[in-house]
Amino acid sequence: MSKENGVIYRISGPVVTAVGISPRMYEVVRVGDEGLMGEVIELHGDQSVIQVYEETSGIKPGEPVIRTGQTLSVQLGPGLLTQIYDGIQRPLPKLEETMGVFITRGVDADGLDLKRKWEFNAVAKKGDDVSSGQVIGKVQETETIEHRVMVPPNVSGKVKSIKSGTFNITETVCVLDDGTEIAMMQEWPVRHPRPFVQKYAPDVPLITGQRILDFLFPLAKGGTAGIPGPFGSGKTVTQQQLAKWSDAQIVVYIGCGERGNEMTEVLDEFPHLIDPNTNKPLMNRTVMIANTSNMPVAAREASVYTGITIAEYFRDMGYNVALMADSTSRWAEAMREISSRLEEMPGEEGYPAYLSSRLAEFYERAGRVETLSGSDGSVSVIGAVSPPGGDISEPVSQGTLRIVKVFWGLDAGLARQRHFPAINWLNSYSLYPQALDQWYRDNIAPDFPEVRTEISTLLQIESELQEIVQLVGSDALPVDQQLTLEVARMIREFFLQQNAFHDVDTFSDLDLQYHMAKAILSFQEEAKKAIAGGAQLEDVVNVPARTDLMRGRFEKGYEDRISDLVSEMSKQIDASMEAN
Amino acid sequence: MSGKEYRTITDVKGPLVFLNKTEPVSYGEIVQLMLSDGSIKNGQVLDTSDDQVIVQVFEGTASVDRQTGVKFLGDVFKLPVSKGLIGRILDGAGRPRDGGPDIVADEMADIIGAAINPYSRQSPESFIQTGISAIDACTSLVRGQKLPIFSASGLPHNDIALQIARQAKLVDSDDDFVVVFCAMGITAEEYNFFVHDLERTGALENSALFVNLADDPAVERLITPRLALTAAEYLAFEHDYHVLVIYTDMTNYCESLRQIGAAREEVPGRRGYPGYMYTDLAMLYERAGLVKGKKGSITQFPILTMPGDDITHPIPDLSGYITEGQIVISRELHQKGIYPPINVLPSLSRLMNAGIGDGKTREDHKSVSDQLYAAYAQGRELRGLVAIVGEDALNERDLQLLKFADIFEDQFLRQSRDEDRSISEGTLDLAWNLLSNIDTKYLVRLDQKWIDKYHPTEKSSNEEE
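First to last, the sequence lines map onto chains A and B.
Positions 162 to 741 (this note's numbering) are the ones given, in order, by the first sequence.
Positions 2 to 466 (this note's numbering) are the ones given, in order, by the second sequence.
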């Protein structure tokens, strides 16, 4: 395709109109004398409307616009992990090298280091029939993750030659009979989902170490979850906790239109964190995309696609990938901003009419799949939503809730009481428990689902009792209901509250979660017995061993001591009965 | 550039001027309008194409006519910056207002300001002691943070901002702060209040002021904070100053933004504010922080008044999503006569955990702060209950918490306008004293080791068990 040149006709913020070219929709073009990167988003008569990924001030009508013939793509290959990108896959450390601490413009940077050499170990052999998605070789990309080099999409044939050794990612490592040369790097257009054979129903939980999530509202590997919440309710901390502790093999973290200092915190912290599953730095499995709120809005729009394409690529290698997008509202606002510059007819609250279909398309790229190479991989998507004023009746929250299967509703009231994670246990839900129950029975405890039901029922009863307490005070309730309130309080303060900043409390494995839940239920049972036997509620509640049990969760080795602490509590409760 | 003068104005609408048939003009370029009476107005290109150019006029379009000459200056808006800015008072467009000479520029800085590469930022983690207990204990401020004051009309947010400006100090160094003050659409009276206070305390010599008052052009307000932040960036990152930027009132800024949006007939977002307001605000707020390899820092204190005391209004709402927390001023506390009337419950500092604890403030800070919150939140909730059922229906624990809420407001929150409490002896010890009114067994947020060490009556030394 010959490269035609056009000129700029109009500039309005991040939207530039060009004449004199007839590009394809979503083609990448270079705008102006500085060659700023842009993407064609509308064709209108002889005018092409372009969203530009960099700041446009100082650009004039009449400056050139050059077609590239390609759609917005990412480079995929060894070197993705531990990297931090902006919304269009430019590595931020590279940008710092070329333009200093402030991001200026017109700088092009490859997503992957094209010079770095990797040790490639061929697994395919000469004469093998290979097709797209098939693994032909392996590279130890980081200490913990083996990068599986796959045949690029739409390529297949018989291997003519393949060699192990040290190569950079653009060197040919494999040649097919028809002369096709395969290197370690491939490219993929971000707005197209990568192919797979079929989707499976998710039936394995994504374990996050966060008690309220794993225990009450679990997410499956390959599932989707939405976290809406007003500012200050802990969305970002929750997302970061998931990025840190979830048992996915690969984590893609998209900071979409959020705070610069928060991204820095993540960047500073992750290299020092140790993955509880592998005992290696968490950074080894992480790819980060940071497009902060003051970076160009069009690149923010692209950032979620860049992220999910990278996630799909690792899925295709047979990995379980978790993707966190913080926040999808900023992404939606980027769409709104561009849409209004295009003078499109707005839908609800000024958002474009295609908002909900874009959201659906994005979340639909999650899933547990059979990959082209026949292995099993998944992408779980967890999207934060930032509804204005915390009111989830707005379009982005609603569009998200229609699609996702798990809803973790953050609550400003809980956050205000410093109940963290401030996830409201009454209105949050997960549609996965049924699919996952068998897994819990087989792997944790046969009565796991029943314990969960009991805990959530207690919380439900508490909320009903609280309404009465609001009117008459707790002393007016019968003793058994007062006990229920105490038990529910224990669930909230001991089990649901979890301190993300505490070395020990920040992560609880499923076994411990189960034992903690059981401890609460056994307190309830013992207390009932004791009260029936004449003990005072106050004495039962205040046995020192219960405080020890509750405070103990902040100490190392708690999982080994919890059963002793429970039996000590039972003993003391028994004693309180005899004291009367 | 050419400096060619055009007389091709076709439309004038609110603060916008539309021109036809110009040479190519760049987006964001600065424009001068020559009025027939010889006066000059300044503006900036908002939209440019071969056929039409839209110019936003900072001083308003009064007396602009079709004969007005328009000159494009071939450059985007720049502020002359030098260390000489310190001690000066400039107007909302960066011209001297104090009768002094023009700023001798060391450099011309683009006022839009480029985004800091997130990779090049340094995590803010140095505690700033403000001497105000509510802030220091519960919403601790760190250097490089942006922490707005969410207030409402009739509340003493200006006193609080000034008290912070006066008392703010770093605990880990002797460096002083330079204050960059940016006024957007405030009244002359408020402005005088600020200036007099800064003068009285001698802080004026250490400040740079950018002032757009209520009767100054509304559109100019859109550039005033950008000038202030450009000056702040220059002082912080070229001259290693720790800069404290106070700007007031963000609500006026947003109103101006809406005005321009309406004049351009843009599709409005919530309550008529433009859909890009989030991005626009972020371009201001995100200019806080620290960068690797530079000693200086920018800490921001934007003040905004919530229309109708409504925290869900788009201005506080979008701000809250960008800033690293907020300090919420409460009308209820103000009416009880408590100064500073900071409601700690909805207030928040997101960077607090990085700036407090052993070696920074004190090891027990986090626990104490959590416990204060929890106890005060429950105490306040119980007030509602007591109003219905009376105190008799409360158990012992609830009674203690109820009483604690009163003590907390009266002794912990309340302090005088010049009372500068140190974090350890002034604030945290006071917190322990107040918490000792509650039985230790109800203080579940406190680690036992801190109780043993700091509790006034249960310290290990006088424990017998």
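Note that these hints are calculated values from the structure, not bench results.
Some hints here could point you the wrong way.
Covered stretches of chain B, going by a simulated chain A footprint (3 or more residues, C-beta under 8 angstroms) [to be verified]:
#1 45-56
#2 88-99
#3 247-260
#4 348-361
Away from chain B, derived, C-beta distances all over 12 angstroms, residues of chain A [as the list claims (entries may be wrong)]:
#5 257
#6 451
#7 452
#8 497
#9 573
#10 617
#11 639
#12 650
#13 660
Subject to a maximum C-alpha distance of 25 angstroms in a straight line, what follows is the list of computed DSS-like cross-link-like pairs (lysine-lysine) [said to hold, decoys possible]:
#14 A/221 <-> B/296
#15 A/221 <-> A/255
#16 B/14 <-> A/221
#17 B/84 <-> B/296
In this text, a Cβ means the ideal position worked out from N, Cα and C, and glycines have one as well.
Now the hints, each set against the structure:
no.	hint	in the structure
1	45-56	holds (count 5)
2	88-99	violated (count 0)
3	247-260	violated (count 0)
4	348-361	holds (count 5)
5	257	violated, 5 angstroms
6	451	violated, 4 angstroms
7	452	violated, 9 angstroms
8	497	violated, 5 angstroms
9	573	violated, 8 angstroms
10	617	holds, 23 angstroms
11	639	holds, 15 angstroms
12	650	violated, 10 angstroms
13	660	violated, 9 angstroms
14	A/221 <-> B/296	violated, 37 angstroms
15	A/221 <-> A/255	violated, 28 angstroms
16	B/14 <-> A/221	holds, 24 angstroms
17	B/84 <-> B/296	holds, 16 angstroms
Hint check: violations occur at hints 2, 3, 5, 6, 7, 8, 9, 12, 13, 14, 15; the rest are consistent with the structure.
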